[in-house]
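Trainee: For chain A, the structure is supplied; the task is to place chains B, C and D on it using the hints.
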Amino acid sequence: MSKIIWLIPLMPFVGSITLMLFGKNLRRSHIGYLGVSSVGISALLTALLAIEFMQNQEVLETLVWTWMQVGSFAPGISFYFDGLTLVMMSVITGVGFLIHLFSTEFMEEDPSYARYFAYLNMFVASMLILVMADNLLLLYLGWEGVGVCSYLLVGFWYQHSANGHAARKAFIVTRIGDTAMALGLLLLFSHLGTLDIQVLMGKASQVWEVGENIPLIACLLLVCGAVGKSAQLPLHTWLPDAMAGPTPVSALIHAATMVTAGVYLIARTHGLFLLAPDAMIVVAIIGVVTSLMAAFTALMQTDIKRILAYSTISQIGYMFLALGVGAWSAGIFHLMTHAFFKALLFLGSGAIIHCLHHEHNIFKMGGLRTRMPVTFWSFMIGSAALAALPMTSGFFSKDQILLQAYQLPDLGPGLWMAGLLGALLTAIYSFRLVFVVFFGEANTEPDKDTEWRMAIPLSILCFLALVGGYFTIPVVDVFPVTGGSHPAHWVEYVSISVPIVGLVIAYFVFLNRRINIETLTTSSFGRGLGNLWLSGWGIDWLYDRLFVRPYYRLANLLKSEPVDVIYNAIVELNQLLNLWLSKSQTGRLRWYLVSMVAGLIILISLASNLGPGVLQW
Amino acid sequence: MVMINLILILLVGGLLAMLSERLDENMPRKVAMAAVLFDLIYLISSMLSLPEIAQLQAPITNDPSTWLMHFKANWIPAFGISIEFAMDGISLLMVLLTLILGAVAISASWTDIVKRKGFFEANLLWSLAGVLGVFLALDLLLFFLFWEVMLIPMYFMIAIWGHENRGYAAMKFFIFTQASGLLMLVSILVLSAINQETTGVWTFSYFDLLNTNISEQASYWIMLGFFIAFVVKLPGFPFHTWLPDAHTQAPTAGSVILAGVLLKTGAYGLIRFAVPLFPQAALDFSYPAMLLGAAGVVYGAVLAFGQADFKRLIAYSSVSHMGFVLLGIYAWNELALQGAVMQMVAHGFSTAALFMIAGSIQERLHTRDMSQMSGLWHQMPRMGAVAMFFVVASLGLPGLGNFVAEFLILLGLFQVNVWITVIAATGLITGAAYSLLLMQKSFQGEINKKWAESKLSDFGQREMMTMAVMIIALIFLGIYPQPVLNIAEPVLHSLLDLTALALPSIAEAKL
Amino acid sequence: MRKDPLIPGVYCHDLIQFNNRSGVLSMLEIVFFYIASLVALIATVMAMTRANAIHALIYLIVSLLAVAVIFFLIGAPFAAALEIVIYAGAIMVLFVFVIMMLNLGEKGDKQERQWLSPSVWVGPALLSIVLLAELLFIISDVNGPVSTSSVSPKAVGLSLFGPYVLAVEISAMLLLAGLVGSFHLGRRYLERDYGDERGKE
Amino acid sequence: MDGLDIPLNHILFISSLLFAIGMLGLMIRRNIIFILMSLEVMLNSAALAFVAAGAHWGQPDGQVVFMLILTVAAAEVAVGLGLVLQVQKRFKTLDMDHANRMQG
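The listed protein sequences correspond, in order, to chains A, B, C and D. Under my numbering, read the first sequence as residues 13 to 629, first letter to last. Under my numbering, read the second sequence as residues 28 to 538, first letter to last. Under my numbering, read the third sequence as residues 154 to 354, first letter to last. Under my numbering, read the fourth sequence as residues 671 to 774, first letter to last.
So here's chain A without its partners, still in its complex pose (with noise of 0.2 Å):
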């Protein structure tokens, strides 16, 4: 098995390239079957690999190739698995494999069905050598690979300008992290001599000491990387813009596997973070202030997508805040809860959307409990288990990382009520969602309901969705041991009963209306308060006016070429030059014969002056 590791990554990158290639002659039906089966491929050999190592727990290297060899820096073509590239790549292969066959039917009417699906393998291939690369440079070449994915997926439809510019958003704001991130590379292997994952790992404890400067620069360096991927402030901006793509690409890129790849790099490196603390608090910080932030904003939006973007990122800001404490396989345990009911909720609203004529503004929808059973189920599942109610996946795995960061020292209790804020958030805008989409008057009647293609990875999501959290993930070799004492009891019983009342206010507030919010909304404050928070808190607004329109203006005040202006001076004056002596050529003899000897005088004036010598004989 362990030799053919490498046909994971490239089933889906052959089904890629053959699409690319051949899919303009191919039957629509063949080229559902050669997207859907690349992945599904993946999957089971991805299945059978989980299988083997369930039984032997064996850590596999393979080198395919050498990338490229200059002197010491011989990074590779080569993987590496463990318990946690497992998890990764069930992920992605299988929630991968449902959105291909959700994606069958979903886009079934678009022309341009073959390039749909050649992105989308070639997103899989890209995201599973991010996984599974075992140096940091293929993990490069993967994280910048799903990155020119996610653009060509969310400017998929690129006769609209905005999904265009919504895609050079995300690339480029993701770029930026990307840069830092590289430069954290080029620091690694300076300091280390090696790009090899666990290589430098081990080398880096010899080298440094807990809390040396470098380690920490480096592991910001990544964190950037991370922040920039995973939409974590201050590079969030892009992940609510991306869903102007197709919505099984939000669900399979902006929600459960492209954006939680900065989640799997301080995951795999966590071995350079705990040398530096600083680093990690950083981290923790930053997912913490972002959860929050995005619920709030979560809260005010009307587009069923933005929503779920924001508490996407919200999500992820509980992913960091685990990272960010020590809680690594929390951490990877909530993203693999969060990819299952994330990716339910998104594909629920894509159905909603496919069967609604492209609506995404969701007090435009409403009613659609009875005309869309399947649908209305796995949101209410999936909306249970993102506010995380007792049971749910996403219950256990929140849970979890409350827990460990309220016995963080110090910083933990107010990490702890800031993440019990926002679950309270979380719980309270979810909920929000289902009773404007599901219950009340219905305002739009849907002209069909799913097929079985969108009902199948549905419900089997549904499942995941509900029972994820009784998985044991397969991460206790690769993470040190975190965590030992149980805190006190009343933290957890806190802990529980905060979704919950969550869920009774959105109740009284969106469905029962006990509670009327209308003078708090119509209060200058409050509309201002909404207004920002509608806004993703200005941001969007802070960047256009102090970084997008100062290069915009930039590139428009150089485009003419200033360094020509010392060129063009150089011509000029040459012409001016030219002008002057032009003149001096009247053309009339005696006028040069009296220059002439006017010349001569000072010449033979100046020969004498310059000594004996010159014009003695």
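In short, the hints are calculated from the structure, not lab data. Mixed in with the good hints there might be a few duds.
To be verified - Quick list of the computed label-pair ranges, beta carbon to beta carbon:
id, chain 1, residue 1, chain 2, residue 2, range
1, B, I71, A, S84, 52 to 62 Å
2, B, P265, A, N373, 51 to 61 Å
3, B, N101, A, L588, 26 to 36 Å
4, C, D294, B, N240, 39 to 49 Å
5, A, R565, B, S398, 41 to 51 Å
6, C, A330, B, N240, 43 to 53 Å
7, A, F537, B, Q442, 31 to 41 Å
C-beta: ideal position from N, C-alpha, C; glycine also.
Mentor: For chains B, C and D alone, coordinates are given in the frame of chain A:
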């Protein structure tokens, strides 16, 4: 002899192409293509027959017998001028690149030249011959001769077959390169004269001049002469302003050759002459040179972002990319140099392809203004897909050649100067900005009504074949660059040894 | 003594020795020299200031003859002869021919007088005086007499076809060029003239 | 004592004077015929200086150069007078200020 034949085939091929126009109007392009392909096959076959190619022993820079090939014959013995050619790994790579891109250029101009086709192909081939000469000549005066030989046909190509503002562009190109070339000539003469003063023998041979004993100050000035000549060609900031005009106005084949090959002669000159001949001076100058490189990276990227002209945007992206080469060369360690060589090759392919796409668009739309494009993907999906590939290549997507190059350069540079690395790295971000803007404005977005009715033909077989060559090359360079690195490695090692020998302080520091 | 004409330097020197004249100039000859100089100067000034071309030309010939006298006095009889034959003879005759062909007449004289106003010549005169002063300053420290020995035509001829043979060839080319040029210019003048007349008819 | 001799600088003095006069003529005359005459004067003055210097050293070289000057003068006059005819033909005047087509 092989090297002379390589050049002669192109020169004669050009002549034949010009004459063949009398037989048939479409004959020249076929003759030219045949000549370039024949040259390529000839090169490869003679390379395969070389015993050294198998192990590629490290050439000792000042011992020509260790090079892959060496040829020397008297030319003007009174002044020690000889016809001396030699080839090592870097020359080989550059010659290969030149010939492949030469074929690409001929293919690119297959249909868009309508007047004086014979003379056009002749100029193309002569320019290529000049470039080959530059990459192979190791007598400094011969080198200068070829430097001019490649310049003049290119001037004609821009001036005769260029676009609306061709006269200005051609003249600007000519004056910049000519003035800087003369500066180099002066430097060559002074260097040789100094050598003659100390040894009593006139010589222009690279191998002899390597051992010249020059005072520090003199070597600094001479080095600057070489540096400016090469940096103008590269082009490095702030000597780059000829490039946007020349690239924009040149016919497609001209742009392809200009961007793909001619710019590389500058980088080649820096690696071959400017640094090894004056190691100490180059070291003293490395900081300003790197600053210029970083400035080029950033400046080119910002200006590219501001352009509305398709070709001009690509031209500025070249400025940005070649800034990386300058950085790589003056970082002068193995990683960075490998990156610079890699960048020369990869940039050759990616930019040549983009210029070819630009040419195809102009041929169909008769405009290069991107505000008049938009949504072209819809009508020309193949061209759009190909363009997307090269755009992401040029923004440095890992897995394609440019990334390997840029990463190696940054990695090498990081050991030398962290802050310049940081500045250069921002080029990755701004690079993404202008590349994607290019894509957005031309191929994506709403379908422009202007072209909705007119039938725009997508890439045909010939074009797709040409593109396939470059796509495969870039992927190959991106995921398995080792063959290229292996060819360049011994040369770079020997160059590094040479400079380390001249600079004991560096050698000690490295130990 | 003159067996080796291939070594011209030695040869000429010997010749000079051989042709050494008695050596000393008489008082009369000295006086002649200054008179000739004066004549040359006055004649030249007159030549430069005449309005009538023919008059000027005759003054010029006088000046040339005076210079020929000086040549003779300083021991260059061959040069003196050439000065008279070629300069005063051939070249000046050419001038005469051309002036006759142009047929300037009274009108030309009047025009010339008009052009010779002081405003025209004051500036150039000043320049000339400055230049003259400079020249005089430069030659002021030249000392010594001119040699009393005469250099024979033979010595000149041997020198011409010895070390200066290249110069002779160049002069030959120059003369050829002059010949072709003047022929070309003159012929076109005549042809045009002819053509114009025919056109008038 | 073998009598008197002519000092070299006297001859050079005369030569310089002739040269200056010739130059003055060159500068003040507008008629091309007079310009050519002035040139002759200047050439002649140079020739005088050469011959005098040759005599000073007792060498034939001065006279050789005199002959070269003579050749130059002859060729120059031949071509120059040909030009005079052309100028007269074209401009109907001998005034060189009229022949100013070479203006820059």
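Trainee: Now tell me, hint by hint, if it's right for this structure.
Mentor: Hints versus structure:
1. B:I71 with A:S84: 52 to 62 Å: The hint (52 to 62 Å, Cβ to Cβ) is violated, given that B:I71 and A:S84 are roughly 32 Å apart.
2. B:P265 with A:N373: 51 to 61 Å: holds, 53 Å
3. B:N101 with A:L588: 26 to 36 Å: violated, 48 Å
4. C:D294 with B:N240: 39 to 49 Å: The hinted range 39 to 49 Å holds for C:D294 and B:N240, with Cβ atoms some 47 Å apart.
5. A:R565 with B:S398: 41 to 51 Å: Between A:R565 and B:S398, where Cβ atoms are some 19 Å apart, the hint is violated.
6. C:A330 with B:N240: 43 to 53 Å: holds, 51 Å
7. A:F537 with B:Q442: 31 to 41 Å: About 56 Å separates the Cβ atoms of A:F537 and B:Q442, which means 31 to 41 Å is violated.
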